[in-house]
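*Asks:* Using the sequences and the hints, build the whole thing.
Protein sequences appear in the order of chains S and X.
Going by the numbering used here, the first sequence opens with residue 1, and the numbers climb by one from there.
Going by the numbering used here, the second sequence opens with residue 1, and the numbers climb by one from there.
Please keep in mind that the hints were generated in silico from the structure rather than gathered at the bench.
Misleading hints may appear alongside valid ones.
To be verified - Some, not all, of what chain S presents toward chain X, calculated at C-beta under 8 Å:
{"hint": "1", "residue": "Ala89"}
{"hint": "2", "residue": "Glu146"}
{"hint": "3", "residue": "Gln373"}
{"hint": "4", "residue": "Val375"}
{"hint": "5", "residue": "Arg382"}
Keep in mind that this is a model prediction, so the values were computed, not measured.
No residue lacks a Cβ here, since even glycine has one placed at the ideal position from N, Cα and C.
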Amino acid sequence: MFDNKFSWLLLLSLWLPACSQTQETTLANGLRVIVKQDHRSPVVVSQIWYRVGSQDEPEGITGISHVLEHMMFKGTARHGPNEFSRIIAENGGRENAFTSSDYTAYFQQLEKSRLPISFELEADRLQNLTLADEDFRKEIKVVMEERRWRTEDQPEAIVQEKFMTTAFQAHPYRHPVIGWMADLESMTAKELRDWYGRWYAPANAILVVVGDVEPKEVIAQAQKYFGQISARSFEKAKEVEEPEQKSERRLRVAVPAEVPYLLMGYHVPVHASAGRGGDVAEWEPYALSVLTGVLDGGQAARFERELVREKKLAASIGTDYSAVARSPGLLMIEATPANGHTVAELEQAIRAQIERIKKEPATDEELKRVKAQVVASNVFSRDSVFYQAMQIGRLAAAGLDWRMIDDYPDKLKAVTAEQVQTVARKYLVDARLTVAVLDPQPIGKGQRRMPRPRGGGDVR
Amino acid sequence: MFGNTLVRAQRETARLPLPPGEGMRVRAKGLRTWLLALCLIAFIPQVEAGPKIHHWTLDNGARVYFVETHELPMLQIRAVFDAGASRDPANRAGLARLTSAMLDEGTGDLTADDIASQLEGLGAEFGAGIDRDMATVDLRSLSDSALLDPALELFSKILAAPSFPAASLERQRAQALVALQKDMQSPGAIADKAFYRELYGDHPYAHDPQGDESSLKTITRENLLAYHRSYYVGANAWLVIVGDASKRQARKIAERVVGHLPAGHAALPIPLVRALYAPRQKQVAFPATQTHIILGQPGMRRGDPDYFPLYVGNYILGGGGLVSRLSMEVREKRGLSYSVYSYFLPLRKAGPLIVGLQTKNTQRDQALKLVRQVISDFVAKGPTEQELGAAKKHITGSFPLRLDSNGKIAENLAVIAFYGLPLTYLDDFISRIEAVTAGQIRNAFRQRVHPDQMVTVIVGGGR
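*Replies:* This is how it looks when you write it as structure tokens:
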């Protein structure tokens with residue numbers, strides 16, 4: 001759920017005025033190293049980002065990037081299975097990893113003097129992963145349990161998954177990050193070894209370190225541990241362009257559930273697809289961010305004020321637009337109707353809101369509010385060392401220059417009401433829209449809570 | 001985290017689920033409330049010592065805890081009241097949460113729209129939420145006085161004189177009922193609620209803090225006003241301030257935010273939790289692919305003399321992410337579950353010890369048997385010296401990560417404040433951990449944890 005009304009702001013605030021404290025270098029083998037100083041606490045976070053995610057996966061092996069992420073903890077010749085986690089834990093560290101459509105990332109949070117431990121282990125598993133058949137057989141079961149937990153037994157998650165297969169028909173954003181169950185069931189350790197061999201090259205990775213550190217020392221340590229890994233070329237996945245949608249798409253997902261649910265998404269550009277000489281101007285993603293703020297950036301924004309409080313049509317509503325991604329994505333709105341109202345009524349009201357912003361410009365007060373929130377969240381986001389690293393990593397993984405951080409607040413402040421209207425008129429149109437509706441079926445005894453093939457929602 | 005949550009959940013998938021305890025808070029409204037207090041289970045300290053805490057008490061009894069940090073031009077404020085769900089009157093389950101959710105629906109002449117526009121126009125963030133013990137109300141603002149002053153003004157009005165408009169209450173009630181309906185499609189939520197009911201019986205920790213359908217329908221505006229009058233008072237209040245203010249400024253801020261609340265009375269003690277003397281099992285058929293299993297028993301209260309042995313012991317049993325015994329046996333060796341954990345949730349009175357996992361339906365019996373065996377084995381034999389050493393290294397070594405932001409410092413201070421832990425709690429933490437012996441852990445677990453007298457809740461399977 002977009003249950004965080006300020007979440008879009010956190011995205012905006014990727015643009016920290018941070019350059020002076022941040023340094024970047026590229027090792028001879030192609031590994032990029034970005035170091036940012038934050039001396040408030042004696043801690044450090046180290047993240048390594050690989051530019052491989054579910055969008056790089058061909059049909060039949062969906063979910064393989066995420067399975068590999070799990071397998072990265074299963075050891076190398078030097079460190080046996082789970083040794084990585086044990087060593088980090090004994091050093092007072094916290095660690096985890098995450099996979100998205102655009103990237104796979106691993107991190108450790110540590111007291112600052114322990115940074116070399118993280119480097120040693122990360123450099124080791126970048127090049128020497130064991131990927132034994134037996135470990136794979138156990139871990140793939142864990143991933144299948146994860147899929148059941150995240151998706152199979154959650155009606156709204158099923159709708160989201162079906163929705164993506166409909167909104168995207170060619171681009172691999174249509175695949176779930178965790179993969180289709182049938183692909184997980186047929187996956188082999190050999191496929192994982194090939195995937196690892198193909199993508200885990202230093203030149204496909206970005207090391208981000210933020211904390212109470214000196215960049216020079218960090219870079220020297222990175223050179224020591226990662227510098228000796230030999231350069232390797234890697235084959236990028238072919239970029240797929242989503243064909244023009246042309247007309248609205250709809251799907252109804254009938255699954256056992258108690259509460260209806262609506263999910264709408266418009267195809268929109270992102271920074272990576274803007275200002276490159278095509279028909280997307282550089283300012284457009286900024287205007288889309290402000291648009292998202294006007295519609296749903298907090299309790300004072302239009303959706304909460306009018307759809308939740310005034311008209312009482314929505315029990316909850318959330319809007320999501322992520323301008324930082326490798327490929328063009330979606331501006332999405334999810335909502336649950338208030339009791340006594342239908343999904344259809346709610347959808348009409350949301351569409352009326354979208355028509356309104358095309359006709360009437362956002363008011364000065366609205367723009368001032370959005371910009372005040374941007375200024376404040378710029379500061380608030382610096383309260384978290386981990387989050388600062390996330391911001392840099394996500395930008396870099398999306399192929400963007402993290403230095404665009406510098407002029408971001410100004411770019412955002414420069415967005416005018418007319419520009420907000422322009423992007424609304426250009427992108428929030430029916431020919432870019434997909435609408436999914438959860439049609440709750442009785443949660444009866446003996447019924448399997450599994451999606452049935454229906455409409456345009458199913459791919460298998 | 002950053003950005004989108006709905007789709008992030010879909011688009012981003014991680015190797016480990018959120019640590020247990022996080023995200024457990026009932027969200028009343030607003031930003032970050034669900035992230036609030038529940039670092040409780042793993043309240044770990046800093047390297048050498050905690051931050052310098054200034055503490056004083058206002059005339060109306062409100063206790064103030066202040067930490068000065070000037071690195072960022074921001075201020076984090078958390079007001080805490082002894083007004084959590086355990087204060088819900090009989091047949092009014094959900095009153096604490098509704099009161100919290102209604103705080104920013106109006107004050108004086110200001111409507112919810114006015115409050116939201118003014119606060120967000122200042123770039124400030126407001127949030128309110130409850131758990132079983134406490135109600136927390138948060139404000140985060142830049143420290144620039146042109147922004148901070150009006151935000152504080154509004155915040156203090158919200159705390160002292162919410163108007164609880166009748167129309168807002170109807171809407172909030174309707175929203176709460178939808179949230180309850182959503183829980184009924186979630187096997188995890190069903191299991192969690194059943195667990196607390198079975199474990200706590202007629203104790204005020206038993207009921208769902210969100211309330212239930214019939215109780216929500218009976219709550220009136222007068223109930224909210226009375227609840228607020230009783231519990232949102234100086235004698236029942238703690239205030240945490242962290243950030244870019246001098247001590248003098250902090251004194252003014254405290255007076256301004258909670259100083260004008262009526263003194264009132266401290267809430268009465270809540271009843272002791274009765275021990276279980278026989279196992280209980282609750283099985284709920286639900287058409288899901290996985291079965292959710294929760295086992296547990298009354299655990300410990302905040303300030304419990306066995307806190308440290310139980311805390312360190314639990315890290316070894318099921319608290320330590322992927323290196324715990326439960327994780328090794330259930331997940332790493334057998335691939336039975338993505339998430340398996342145990343934790344103590346210390347509350348004012350004995351909070352629960354909770355052990356949980358999810359597994360596909362056909363593996364239910366195998367997983368349950370295994371988990372029980374791991375617990376029994378640990379209780380019988382305690383940890384090895386090697387496990388104890390590793391646990392201490394982790395807990396003491398991760399001390400600085402617990403306090404590396406204003407937000408985290410504020411969360412920790414709120415726990416120290418509300419539960420009346422010593423001001424030196426953070427300073428002493430490492431030595432307390434270091435002092436724990438394997439024998440103490442074994443004794444504490446043997447005396448306190450009874451694998452044959454636990455509540456077991458099983459949701460799923462269908463058949």
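*Asks:* Would you mind marking each hint as holding or not holding in the structure?
*Replies:* Hint by hint, here is what the structure shows:
With a least beta-carbon distance of about 5 Å to chain X, the hint placing alanine 89 of chain S at the interface is held under the 8 Å criterion. Below 8 Å, beta-carbon pairs count as interface contacts, and glutamate 146 of chain S has one with chain X at about 4 Å; its hint therefore holds. Proximity of glutamine 373 of chain S to chain X holds as hinted, the smallest CB-CB distance being about 5 Å (cut-off 8 Å). For the restraint placing valine 375 of chain S at the interface with chain X, the shortest Cβ-Cβ distance is roughly 6 Å, inside the 8 Å limit, so the hint holds.
With its C-beta approaching chain X no nearer than about 6 Å, arginine 382 of chain S sits inside the 8 Å limit, and its interface hint holds.
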